[in-house]
Structure formats: C-alpha cells, structure tokens
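Engineer: Here's the letter readout for the chains.
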Amino acid sequence: MNLSELLTQKFPHDVLATHRYRGDDTVILKKERLLEAARVLKEDPALDFNFLMDLTCVDYLVFEKSPSTAPSTATPSPLPFFMKPKSDPKGEIWERPEGAQTRFEVIYHFYSLSKNHRLRLKVPVEEKSPEVASLTSLWASADWFEREVWDMYGIVFKGHPNLKRILLYEEFIGHPLRKDYPVNKRQPLIGPVN
Amino acid sequence: MTKQQVWLLVIGTCLVFVIWLLEFNMGKIQEEVTKTGTTETRSMLLNIGPSHPAMHGIVRIVAELDGETIVGADVEIGYLHRAFEKMCETGPYNNAIPYTDRLNYVSPLINNVGYCMAVEKLLGIEVTERCKYIRVIMSEISRISDHLTCIGASAMELGAFTVFLYMIKAREYLWELIEKVTGARLTISYTRVGGVKGDLPQQFKEDTAAAFKQTREVLKECDQLLTRNRIFVDRMKDVGVISKEDAISYGVTGPFLRSTGIDYDVRKAQPYLVYDRIDFDIPVGENGDNLDRYMVRMEEMEQSMRIVEKALERLPGGSILVDDQGHEMPAAFMVDEAKMGRTAGFKERIVRMDPTLEGSSGSHHPAVNAPEKKVVLPAKEDTYGNIEGLMDHFKLVMVGHGIRPPKGEAYFPVEGANGELGFYVVSDGSDRPYRVRVRPPCFPIMAALSKILVGDMMADMVPTFGSVNMIGGELDR
Amino acid sequence: MGAVDITKLDFFTSKLDAAVGWARKFSIFQYPFVTACCGMEYMATACSHYDVDRFGAGLPRFSPRQSDVLFVVGTISHKLAPVLKKVYDQMTEPKWVVAFGVCTCTGGFYDNYATVMGIDTIIPVDVYIPGCPPRPENVLDGLMKLQAKIEKGEKQTKLYDPATKRLI
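Chains as they are written, first to last, in the working numbering: chain A, 1 to 194; chain B, 195 to 671; chain C, 672 to 839.
Chain A on its own, in the form it takes in the complex (with noise of 0.2 angstroms):
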C-alpha cells in the first residue's frame, strides 16, 4: 500500500485525487480538513513525516491558456531512472481533478527522515476566500514558508502567529507571484519608477 492509498483510507471523504506523475506521491486534500491531514502525517508511525520541507502556492489564472501552449505532445519514451518502470500506467497522466479547479494551490513537501519518503500534499484554495489553516503548530518551518506565499500570493493562514510580509516591504501593494501582477510593475519607495 502506497503513501496516498494510506491517506486516502484515513480521509475517504476529503481526499479529492491522488497520483504518482513522475514517481511523486501526490494527495489533493479539502482544505477543511489540513490541519487533522497533516497531524495524522506528523504522527502516525507508518507515515512519520517529520520535516516540512517546502511550502509554496501556484496561481492557476492562465494556467494552459499560453498562446504557445502545445497541442498535447506525448510524453518522450525513456523512463528515467529514478522512476519504476510502468507498475503504475496511471502514474503518466497529469490532469487537474473536476472538483477542484480553484484558482490557488497550496502545495505542501513533506519528508520523512526515518522511512525515507516524500508526499506532496496539495490543498486547492479558491480566489473569493484565499483563507488555509496554518501548520506552524506542527511545523516550526511552516511560519517563514507561510509569510513567504502570503506575501508572494495574498494566501492568509489562520492561526499564524506573525503573518506579515517577508520578502517585501510594508509599502508594497498586491502579491507580485499572482499571474495577474505585471512583472516589471514597480512601487519604489525612494527615486523615480523606471
């Protein structure tokens, strides 16, 4: 039994998706139920995942909507060698699941030191309320990560201590990562806007 048919047993009504694209365990979770997901993660023996490695967002806005966007090339034949070989024919197909098309993606790393694996939990969030419950209970690196994506996304994380910008300064209006945010759009505090 794979790290995501464990979840999915655990949570049967809040898992959305899971899948192994590229050998990655991936669990799409409601984001109701993170923060009981990731004590169960934390500590359960058979899961055991004691560090949070990274903590990140994707914004989904134009996502497959690039002008340059290929019309579906196939996937190039040899696999590499950190993948097993075909035992999972599914684990090829990357789609985004029905249910959970939300503009925002909150994407968990976690890694376990003792059995030496890694699961990528995603939380879809969606734009009207971009509200996820905080893991800085469980995780002391979840705090930096945490004011790092509201900063960058405008994500809030309830329950967080201390979010405020990190990167950034105060001044700065809107979340430069958004998709929508121009890249060269510049807020200065001192000297001309070049």
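Calculated from the structure, these hints are not laboratory results.
What you were told as hints is all true, and nothing was included just to trick you.
So the derived label-pair ranges between C-beta atoms look like this:
hint, chain 1, residue 1, chain 2, residue 2, range
1, C, Leu838, B, Asp417, 52 to 58 angstroms
2, B, Val591, A, Asn184, 21 to 27 angstroms
3, C, Asp832, B, Asp475, 55 to 61 angstroms
4, C, Phe700, B, Ser237, 33 to 39 angstroms
Mimicking BS3-like on lysine-lysine, the simulated pairs with C-alpha atoms at most 30 angstroms apart in a straight line are:
hint, chain 1, residue 1, chain 2, residue 2
5, B, Lys414, B, Lys431
6, A, Lys164, C, Lys756
7, A, Lys31, A, Lys42
8, B, Lys374, B, Lys504
9, B, Lys645, A, Lys164
10, A, Lys42, B, Lys438
Ideal Cβ positions, reconstructed from N, Cα and C, are used throughout, including at glycine.
Using the hints provided, position chains B and C relative to the given structure of chain A.
Structural biologist: Relative to chain A, chains B and C alone:
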C-alpha cells in the same frame, strides 16, 4: 603667590567640585533604590545590518540585549529579493539557467544541475552516463569552493585574517579549473536541459590533480591554524547550539543538520546522478554547535575531493579525439568558416573540442548530451553546416517552439552546499515554465537563527551567523 | 639665457589641487556595500591573488564616515534603496561612487518589480564597471579609471533621469 600655585589652586578647587557633584548624584541614586527596593533594568535593542561588516550579505538582525546576553532576536530578510521565480516564468526553459546561477552564487553549478534535473524529470528523459559523471564532478568542485568561502569568511570575522587569504587562494585554484571547463569563473550556466554545454577539456584530469594538491596543502595549513587554536575553539565550542528536534522542526538540512548528529544527505538518502556508485562518507557532528559545523565542512571538502577523484577514474567513453594527422580545427573556426559558406568536407574532419567560450563539436556532442532532438540543441557545426541542424536549432530557440514538457509537475531535490536544494517545476505544456519554485536551503536555517541566538552572548552572534553561511541570492531569491 | 635650474630656486609653485589629487588617488578608503554575487569577485579582487592593495585601496572601512569611495557591489532592490541612500548621505565630501557589476549600472537582466534599474537614479555614480560579475582584471581597470578621476578632481554630481534619459 607664583603662577604655578595659582594654577594648582584652581585645579584643586575644580576637583573638589567634581567629587562633590558625583557623590551628590550617587546619593540620589542610592536614595531611589532604598525607596523603591529595586533597580529598574531595561533590555536594550541593538540593530545590526543591513550593511554590516560581519554580515556577509544583506540581512538585518534586531537583537534585544540584557547586558551582553541576547534575550531576543528579530531577523529581517528580503533585501536581495530579485524575483527569481517571476523571472523564470517569462522565458523558455533554458533561459532560466542563468537565473539559477545567481541563487547560490558561491556554488552555482549545483543550482544549475538541480534545475535541469527537475525539468528532465518533468520531460521524462535521462542524460548520458558521461554527462552524469561530469555533473557530479563539477558539483563537487563547486561544493568545495562554497565551503572554502564559508569557513574563510567566518574565520576572518573571528580575527583569523590569514585563513581567509589562504582559503580564497585555494578557491582561486578551483575557479581556474572551473573556468577551463565552462569559460566563466563564477556565474557559469554550464548545464543545459538534457546535457551540459560542452565536454571536459583536455588535460582536465591532470589539472584537477594539481589543483587538488594545492587545495589540500591550503586545507592542511588552515587546519593547523584553526582546529586546535585556543582562541578559535573557545569562541566556537558550545556556541550557537541547536538541538536535533529543533533542527528537524525548522526543516534545517545540510551541514547544519549533520552537525547535530543526523546523517541526512540527499546524495545518500535518495541518490541522484551517480552518487550511489561512488563510495564516500558523510561526516556528522555531535553537539550541533559552531565547532561541529566547522569540522563537518572541513571533512566534507575532503570527501568531495575523494568523489571527484573517483568519478574521474570511472569517467566513461567519449574521450577527446584529436587527429594526429593534423585534421583538427577549433570549433569556433569551423563555425566562422560555415558562416562564409565554406562547408565542403566538414563532416570528414575532426573538430577539436573546446568546451570553453568557443562552442562544442559534433563528435563529442552525443557523449555529453541526451539524444532527445526535441530538447537538446544540436552541435554547433551541425547548426551552421547543414539544414537539418539549422532547423533543429531554430525549432528549439524560437518563441512558441522550444522545449515543451508535457503538462505536469515535478519536484527534484539535490544536495546543495547548505542543504537540500529542491526545484519544483510546473508545466502547462507550453514552451515556458508555468511555475518554478526553489526550496532554498538557508531559508529554514535563517528562520531558526532567532532561536539559536537567544541565550548566547552578543559577540557569539558573529561566529553563529558565519556558520549559517547565509547566501543572499538563495535566501531572498 | 638657458633654462631655469630649479635646484637653484628658493621656492617652486604647483597647483595644490594636483598634489592633493595625486595623494588622494593612492589612499582610497572604500566602503564595500556588498549585497550579492559580485561580492564574490570583490573578495577575489581584494585578496592576495589580485591584490587591490597595489592601488592603495586595500583597506575597507566599514563606517561611511571614514570612507571616501562607495563601492556598490551587487543588485540593489527597492527595499534596500533607502539604506544605500542613507549610507551615501553619511559619507563626507569629497566622495566618489563606483557601480560594481551590471545590476548596479543598469539593473542587468533583473528587469522586474523588485530591483532598481541602475543606482544612478538614486545616487550619482562616477565609475561604472560592467560584467555579471566583472572579472578582477575588469575591476582593477575600473579602479584605475577612478584614480584618474580622483587625480583630476573630477566628480559626478548628477543623477540619471529615466524619463528624459539624461543626467539632471
């Protein structure tokens, strides 16, 4: 009365007045104490940075001091935010490689490798054996130069200026080696998606042996200067201690984590490239203090040299073919000829491999680059010498064509000099990355810094901060 | 009548400025405002391999009040720009500014919301050293150009205006 006596009198009067003034005030303070029962102590706020000699990088720490002890520290970062992630989304896949150079600018090649491996994972392709070995060799040389800079700079801040000069000297030997391979000293952009820019130059093995001999001499000298130096050890030992639990909770990796005794290293835990085929050790510490981090880094340099030497021994095929009949020409010359249309007989001639600024050539191209035509740029004399090569080239560099990974996402971790360096790439099937996220290794360490500093003395901030090896480009991106 | 024998003269006149300029050019006390990648090449230049001490610029002062050349080494973001301006204002006259690396000259390839497109929009710049990062030889060349400027007593006082593309 003489003049001198008058002066003495004046000075004497002044002294008496000053002493009276002091006593009067002391009495007042005494009165205050007896009235309230206690003296009021207030902690002092001390601002360090953003531009400060002991902060090699731009960071601001507001420390709250009680006497000389730090009781609280507020770390502020972001002064070098250059929008790496946003810039990556604006161009094709290969255009992001120069930006990855400038993440951890002390060991740029590890970033290059990490990014390219993530895109290759997304594409589902694999590079050639020789390319894997070259990537390992160059990554490890970069790692040595990173550790040299880190130890040199933090020793300098403790007053050991000689060590800094020696270590930069050693770094210069390694950079000359890197320059021979890539054509640049620091920001090298050596890898491509599906391969590397060019093969290793001739004499590389001998050059490496010579550079490592000099580097080992420098390391031995520095070891003698520092490791049993009473002043150095006293300032490093039991300073900046982090416990195992805290390190894991903060997501700290790399030498910082290994100094606490946890032997987590991506090269061993989840081997990539050819690390599983090369025998090397992972040094670990015990106490998680500054001295252990110094020792771990010193040993890691030795292990990296070991890896490079072993990899060079096993480097497979694709040796540098130079025709002894004189049928050779530099690739750049061939390119110039081809531009003038003098291409007759090109395919019969053997081009000398110059993997520096002058380009690479056909016979060596397959040895270091994956055979995927949809990903890897053709050899330069194919581009200029025949129409298929030219079309192939343009299909890869034109806007709206280029590398097109299938829709999906991939995360690829490599062991950077500061810890786990992960690249998370999302593709929507177009020719430019939809999202590139880098997990910066020193970001979690800086988050943990405010906890590590508390309880230490003011002066301990310098060695602790030095052992973090904060790299602005990687921290703020 | 032949040429004047200067050894027999009681005094000899010179422009004081020239003497002061000559002395100044070999006693550059620099403030390295190191932010990014260029700092690595700055280190390499300052150390024994390339030895910036030959030009009398070997001793960095980390207080703006004691230094007379501001080396701006590495990208300046909008968050950092006020700090740079403050450091510049704290320096005493005469002062010179060197833009080290292409990010400080023009912004380089970081044309985005976060970075200042050339520090000459904030503070006047005397010498531009291009390169990403510049090689140590390039840095030494820029340093010699600065020395020539110091000797002549020249100094840039104007800022670059991106709207008109002129110095104002």
